[in-house]
Amino acid sequence: MGYSPSFVEKMKEIVGDMRDPEKDFDIRVIAGFDDACSACPHRGETLCSGSVKSNNKVMGLDRRTIDHLGLESGRVYKKSYLVELTAKKVEPDDLDQICAGCSWLEYGVCKEGIALLNEELVQK
-17 MGYSPSFVEK MKEIVGDMRD PEKDFDIRVI AGFDDACSAC PHRGETLCSG SVKSNNKVMG
43 LDRRTIDHLG LESGRVYKKS YLVELTAKKV EPDDLDQICA GCSWLEYGVC KEGIALLNEE
103 LVQK
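Using our numbering, the first residue of the sequence shown is number -17, and each one after it goes up by one.
No wet-lab data here; the hints were simulated from the structure.
Glycine included, each C-beta is placed from N, C-alpha and C at the ideal position.
Check each hint, because a few of them may be wrong.
To be verified - Listed next, the in silico DSSO-like pairs over lysine-lysine satisfying Cα-Cα at most 30 angstroms (straight line):
no., residue 1, residue 2
1, Lys93, Lys61
2, Lys39, Lys106
3, Lys106, Lys5
4, Lys(-6), Lys5
Said to hold, decoys possible - Label-pair ranges, simulated between beta-carbon atoms:
no., residue 1, residue 2, range
5, Glu102, Ser(-14), 29 to 37 angstroms
6, Ser(-14), Glu88, 16 to 24 angstroms
7, Ala82, Gly26, 18 to 26 angstroms
8, Thr28, Val104, 20 to 28 angstroms
9, Ser36, Lys70, 15 to 23 angstroms
10, Gly32, Glu4, 19 to 27 angstroms
11, Val34, Ser62, 32 to 40 angstroms
12, Ala82, Ser55, 17 to 25 angstroms
13, Gly56, Val34, 22 to 30 angstroms
Let's have the full structure, built from the sequences with the hints guiding it.
See the structure below:
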């Protein structure tokens, strides 16, 4: 997908922490630059320097996610709460709207992940 090695490593770290049930930590929810952006080669000072279109796409993904989950931008939540909330409020097909424009959507990996998260919630 053309990502830089440093971005791939940062995403592996973030995903690993999110999937680790033994780790619980604070997450500040924001519509804008976050930890995932820190290793992106297109990171500008205050917005994505890839293009205005890229910046708008990323901001839209953030806003739709925050809105769908009923979160407040700028507020701090526990990881465990966000994972449980996602399992309760997001169905795989919701990603068609929430993640519209994301290049990962067509691969189905995220929908599979949400389906697994939903199954885990049912099993609890």
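Okay, the hints, checked on the actual structure:
no. : hint                                   : result
1   : Lys93 to Lys61                         : 20 angstroms, holds
2   : Lys39 to Lys106                        : 35 angstroms, violated
3   : Lys106 to Lys5                         : 18 angstroms, holds
4   : Lys(-6) to Lys5                        : 15 angstroms, holds
5   : Glu102 to Ser(-14): 29 to 37 angstroms : 32 angstroms, holds
6   : Ser(-14) to Glu88: 16 to 24 angstroms  : 21 angstroms, holds
7   : Ala82 to Gly26: 18 to 26 angstroms     : 23 angstroms, holds
8   : Thr28 to Val104: 20 to 28 angstroms    : 42 angstroms, violated
9   : Ser36 to Lys70: 15 to 23 angstroms     : 31 angstroms, violated
10  : Gly32 to Glu4: 19 to 27 angstroms      : 35 angstroms, violated
11  : Val34 to Ser62: 32 to 40 angstroms     : 36 angstroms, holds
12  : Ala82 to Ser55: 17 to 25 angstroms     : 19 angstroms, holds
13  : Gly56 to Val34: 22 to 30 angstroms     : 24 angstroms, holds
The earlier numbered hints that this structure contradicts are 2, 8, 9, 10.
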